[in-house]
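S.K.: Next come the chains, spelled out residue by residue.
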Amino acid sequence: MTTILEMRGITKEFPGVKALDDVNMRVAEGEIHALVGENGAGKSTLMKVLSGVYPHGSYDGEILFDGQTRAFRGIRDSEDVGVIIIHQELALIPLLSIAENIFLGNERAKGGVIDWRETEARAAELLKRVGLNESPKTLVDDLGLGKQQLVEIAKALSKDVRLLILDEPTSSLNEQDSEKLLDLLAEFRAQGVTSILISHKLNEISRVADTITVLRDGSTVARLDCSDGISEDDIIKDMVGRSLDDRYPPKEAPNPGQVALEVRNWTVHHPLHADRQVVKDVSFNVSRGEVVGIAGLMGAGRTELAMSLFGRAWGRDISGEALIGGQPADLSTPRKAINAGLAYVTEDRKTFGLVLDDTIRRNVPLAKLDAIADRGVVNRKREAEVAERYRDRLNIKSSSIDQETVNLSGGNQQKVVLSKWLFADPDVLILDEPTRGIDVGAKFEIYTVIRELAKAGKAVIVISSEMPELLGITDRLYVMNEGRFVGEMSTSEASQEKIMAAIIRSGDRKSAASQEEVA
Amino acid sequence: MSEITNTGLDAPAGQQARASWRFLQTHLREYGILFALIAIMAFFQVATGGILLRPVNVTNLILQNSYIIIMAIGMLLVIVAGHIDLSVGSVLGFTGALAAVMIVNWDVPYLLAGILCLAAGALIGAAQGFWVAYFRIPSFIVTLAGMLVFKGLTLWLLAGQSVGPFPAQFQLISSGFINDVFAMEGFNLLSFLIGLAVAGGLAFMAIRGRQREAKTGTPAEPFAFFAAKTALIFFGISWMSWLMADFRGLPNVFIVMALLIAIYSFLTSRTTIGRRIYAIGGNEKAAMLSGINSKRLVFLTFANMGMLAALAGLVFAARLNTATPKAGATFELDVIAAVFIGGASMAGGVGTVVGAVIGAFIMGVMNNGMSILGIGIDYQQVIKGLVLLAAVIFDVMNKKKG
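Chains X and C are the protein sequences, given in the same order.
The letter at position 379 of the first sequence is residue 379 when you use full-length UniProt numbering, and the numbering goes up by one with no holes.
The letter at position 42 of the second sequence is residue 42 when you use full-length UniProt numbering, and the numbering goes up by one with no holes.
Keep in mind the hints are simulated off the structure, nothing from the lab.
Idealized CB from N, CA, C, for every residue including glycine.
Pairs of lysine-lysine, DSS-like flavour, derived with a Cα cap of 25 Å:
#1 397/X with 215/C
#2 336/X with 295/C
#3 381/X with 215/C
In silico negatives: residues of chain X with every beta carbon more than 10 Å from chain C:
#4 117
#5 143
#6 158
#7 203
#8 240
#9 484
#10 489
#11 493
#12 505
Just so you have them, the derived chain C footprint on chain X, three or more residues with Cβ under 8 Å:
#13 353 to 366
#14 373 to 383
So here's chain X without its partners, still in its complex pose (with noise of 0.2 Å):
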């Protein structure tokens, strides 16, 4: 096979921290070349080297594409080319249409004026080869992030893409959106395109990736050959650079104390179409000392629910109960429901997580700012002693509790919102997808943290979509569906089947009486 792409010795240093040292990256024409590493680990700024984000000069080495060494300036250089990179958060428009989105920038247009009938029959051949079903005229607003993540790469295609790569494509998708995505790449390589794929999903890149090459700490540390049969556990080894003999800290025998939370016929509307029902009528319980997964597909009502309950912090017209400790409690602003005893992790740290200008020091105190400060008056000292203290404990890796959130890693910044609320001290804890996004090494770290709250005898509760995770590291599971929960098991009995059998089973029921209904 030919080769298509070589990077050479790219070294790339930030005032400071060395990014990438001596890194060598070799993808051959027409397979899918997977990219791995930790958070950090410098894939990101490898990509931003090839696509002339950092432009020639700017680092050391070589880049050879087609045999040709390359100098790119910017990322129309690399684009003239065919590389085409597809971040993690997609560069689309939300209120314009499919089409223009995909001419965007490259417009189909004569002397400035824009051919519409063009325009759209050629979105339209794109669109039917990313498998995509929708008019070309739709806005990109009203699709999901899996057609969103489709139009991207149909936009990729209208440029004349040799070397498509993807970062982290399906973090957003649900299961179904991330398995079409994954054929389509597929089905990409037989027609010659090469991509690479950016992920932290082992087992998609054991799916489709030819060759995988692995980054650690901003060296090349491996090239596997998946024709060779590569497990996962030796894509970690490389990773992490140590063999992780489990990927979930040991669980201790379930030993669940008191009911801590309990919520009975809880109800939340969505607050914009108030007929829309998103949680309905559910129960459920969760005690001192144990820890509760929430099973589900994407928009089953998981993250509405959680919301909901802490201080209506989502949704209107909610209705039902909640207890603590058995008495009832009343959560109606997250102020009160953090005095109740409740804490929501959120599953979007930049948006709902942090201020992320300020610095740890700043953001670990501010769920309980009456705790460091004297009558009002923040006391300096017990603020860096208390941001100290989580720094220390959860192993965020920063250059000092004073650096701002927004230069943390993913993984790092999970771990200062994860300490803000530990700080809280709260009797019930829900995190909400507590490990998306984040490498193998921090997932574990906070695996150990969740199983150590529930040793002291807090009650968490996981939300996850990654059904492994939750039954590595769960004592019983809830199973949500379409806003009701339509499955309780205990995770010793659990497994991957049964929940997605708990949850298509709730489809066919509601297809059966939507059936009887009409008949």
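For chain X, the structure is supplied; the task is to place chain C on it using the hints.
M.R.: Chain C only, in chain X's frame:
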């Protein structure tokens, strides 16, 4: 022995220089604005042939800018919380008119009238804050409406006429000076002593703070910077108070301003309320989910802004000794400019009270200096506009680099 001292001093010298340089790079903004003020003052001092820093002119400078500074303090809180208040100029005019009507036309005792005006200002701010905080109407629009409403109400209240003069007692707010208990001829010793005490107190607090920092960890600020900054502030304030003492002493309004600066600096940097306001401006959703009552705090920042605008209105009316329908027009722009020159961010969550005050002084010194030089109002506007633009461009570039 000599070896030990050598390794103790020489080895880190290179490191120290590098650390200082890095510190300067990251904190360029904070020092930059202070340097800018000093540079601008030095320039006008030379250009005006020494008139700028004559005792009488320094006193004038303070009196001329007092109401802008008072409002800039309130505006800083509003902008840090992520909002804006365009109505402050009109509210200033309105409360000045209200004071005039009450005191001059209705013979209300001036103290009572002053309190009522402050209450009216707080109420006006609260009314605007109510829509912004609880109904999420953009503050730009609410206060733009407020600007028109109170401009109109000022006209209505004064029936289009100027109302004045005020009783002499009332005028003292802005034209009075503190009494000198020492009764020296031509020199207000008490004023100078107060100035010295304030300068000494600030230096003492800075040194104590640094010692405490040194105890818990290494202070971020290189020693040379710390020493230079503290000395500069100490001598700057001492010298200013000397100058003013040499004229008629510290103006009453200067005391009011100094108190407000001290209180609000403390509030923003040291209290939980301050922390919460910065958190709201930095990320309102995260702040809300951390149990912070952002609605109430936004409401209160607007009420506070209204009250400070009313205070500025009293000061301004007392200074002119009359309330005019035109009072306060376009002041909001000077106030907002001062806050942004002082380093606050349009997006919220960033800015300091001291920065805003320095920003106001930069504008004030330029106004005053250019007027002394006889530069026409046309050029003055152009130059001030460009300075505002330059300050913000500098901010943005600085942030990008960092």
